[in-house]
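The sequence shown begins at 320 in this note's numbering and counts up one residue at a time.
Warning: the hint list may mix true and false statements.
Said to hold, decoys possible - Straight-line distance between alpha carbons at most 25 Å, and here's what the computed DSS-like set of lysine-lysine pairs gives:
no.: 1; residue 1: Lys361; residue 2: Lys433
no.: 2; residue 1: Lys409; residue 2: Lys384
no.: 3; residue 1: Lys409; residue 2: Lys383
Calculated directly from the structure, the hints in this document are not laboratory data.
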Amino acid sequence: MTVSIGIIGTGVMGADHARTLANQVAGVRLRALTDADQARAKSIADEVGAETVAADPMAIIADKKVDAILIASPDNTHRELTLACLAAGKPVLCEKPLAPTSQEAQDVVNAEVKAGRRLVQVGYMRR
320 MTVSIGIIGT
330 GVMGADHART
340 LANQVAGVRL
350 RALTDADQAR
360 AKSIADEVGA
370 ETVAADPMAI
380 IADKKVDAIL
390 IASPDNTHRE
400 LTLACLAAGK
410 PVLCEKPLAP
420 TSQEAQDVVN
430 AEVKAGRRLV
440 QVGYMRR
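With these hints in hand, go ahead and build the complete structure from the sequences.
See below:
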């Protein structure tokens, strides 16, 4: 079985995740990457063999060929992107913090409970 992953954000953490997935995790295909800096996203995509670079993170979430999402974008985008993943029914690993405020984090938790499936995981240290 192969899991197709989309990564939103290719800064330090996103690029590190992309390299780890590409080089150390069996059964993973990097389908799409995106970043506000499209040149950086393209560079990382070329390095790790990702299939596409998208301009819009929502396009990656909506992509039927993407099975799961990894969010490593700026903190203030986490809530909106995680909620979009939940709405799309896609598993998501969101780098910390889940949201900038406790209320926004609670919004995500409430949405996941309402969806009736555990789809959200928050990333922390992997060292």
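Taking the hints in turn, this is what the structure says about them:
| no. | hint | result |
| --- | --- | --- |
| 1 | Lys361 / Lys433 | violated (36 Å) |
| 2 | Lys409 / Lys384 | holds (11 Å) |
| 3 | Lys409 / Lys383 | holds (10 Å) |
The structure does not agree with numbered hint 1 stated previously, though it agrees with all others.
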